[in-house]
Amino acid sequence: MSSPPMSDTPMSEAVPAERRFTRLKGIAAPLPIANVNTDIIAPKDLMRAVTRKGLGWGLLRPYRFDGEGRERPDFVLNREPWRHAALLVAHENFGCGSSREHAAWALADFGIRAVIAPSFAEIFQNNCIKNRLLPVPLPRPQLDAVMAAAEAGEEVEVALEAQVVRLADGRALPFEVSPLARHRLLAGIDDIADTLRYEDDILAFEDRHFRDTPWLAGRTKIEEKTHGS
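Heads up: the sequence shown begins at 0 in numbering that gives the first Met the number 0, then just goes up one per residue.
Keep in mind that a hint or two might mislead.
To be verified - No more than 27 Å apart at the CA atoms, straight line, and that leaves these computed lysine-lysine pairs for DSSO-like:
#1 Lys43 <-> Lys129
#2 Lys129 <-> Lys52
#3 Lys24 <-> Lys52
#4 Lys24 <-> Lys129
To be verified - Restraint-style ranges between C-beta atoms, simulated for each label pair:
#5 Gly110 <-> Asn34: 34 to 42 Å
#6 Asp44 <-> Glu70: 33 to 41 Å
#7 Arg22 <-> Trp214: 52 to 60 Å
#8 Glu160 <-> Glu79: 27 to 35 Å
#9 Gly53 <-> Pro15: 44 to 52 Å
#10 Gly169 <-> Asp44: 27 to 35 Å
#11 Trp214 <-> Arg139: 55 to 63 Å
#12 Ala167 <-> Asn77: 17 to 25 Å
#13 Gly169 <-> Tyr197: 37 to 45 Å
Simulated from the structure, these hints should not be mistaken for lab results. Just so it is clear, CB atoms sit at the ideal spot from N, CA and C, and this is done for glycine as well.
Generate the whole structure from the sequences, applying the supplied hints.
Written out as structure tokens, the structure is:
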């Protein structure tokens, strides 16, 4: 099977620019807390939603609002300029807990497009990639520098192609990301779109397979219902 090049997919030319994650520069909200779990990021009543929109109001709700639903004025996302943050900077094990994809949805709906932390829960990390939200792992010393910049209200830049976080003072902090995640984010495609790049190869394989093993050929019940037996 021939494989389309991972870093130069023709499909990316047809993908709207806003779907691609190439470079992000904006206000970063400091959240110097470890083990922020998905029940904090997206409380369970947000789980009733079946779309990705309209969940930003509930993001980090136990931190942002009191029991009466009033904003906590001292919480970072309720203050300027972090109320309009595009990045979030946190401590270790961000996104631990249950596997709810709503956590990534709530972050994205609020306007957060990258989370910078020393480490992430694996399922949360995968959910972020699927929702065009970049988790950026940085060792603690570098993370502390980004946290200080965020607390100062400075803009932080994440350049995915170069795989660096740039601070206002010129420092460039390299980070690692899997080649597959990097490719999909740069191209603005998800798992399904990426798989469809191989459609011709998949169809050719099926033709060969059922030609060589005709006793396995046949239609599924759904195909028979759709096309007739």
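Status of the hints after comparison with the structure:
{"no.": "1", "hint": "Lys43 <-> Lys129", "result": "21 Å, holds"}
{"no.": "2", "hint": "Lys129 <-> Lys52", "result": "15 Å, holds"}
{"no.": "3", "hint": "Lys24 <-> Lys52", "result": "23 Å, holds"}
{"no.": "4", "hint": "Lys24 <-> Lys129", "result": "21 Å, holds"}
{"no.": "5", "hint": "Gly110 <-> Asn34: 34 to 42 Å", "result": "24 Å, violated"}
{"no.": "6", "hint": "Asp44 <-> Glu70: 33 to 41 Å", "result": "18 Å, violated"}
{"no.": "7", "hint": "Arg22 <-> Trp214: 52 to 60 Å", "result": "54 Å, holds"}
{"no.": "8", "hint": "Glu160 <-> Glu79: 27 to 35 Å", "result": "31 Å, holds"}
{"no.": "9", "hint": "Gly53 <-> Pro15: 44 to 52 Å", "result": "21 Å, violated"}
{"no.": "10", "hint": "Gly169 <-> Asp44: 27 to 35 Å", "result": "44 Å, violated"}
{"no.": "11", "hint": "Trp214 <-> Arg139: 55 to 63 Å", "result": "60 Å, holds"}
{"no.": "12", "hint": "Ala167 <-> Asn77: 17 to 25 Å", "result": "24 Å, holds"}
{"no.": "13", "hint": "Gly169 <-> Tyr197: 37 to 45 Å", "result": "42 Å, holds"}
In this structure, the hints that do not hold are numbers 5, 6, 9 and 10, in rising order.
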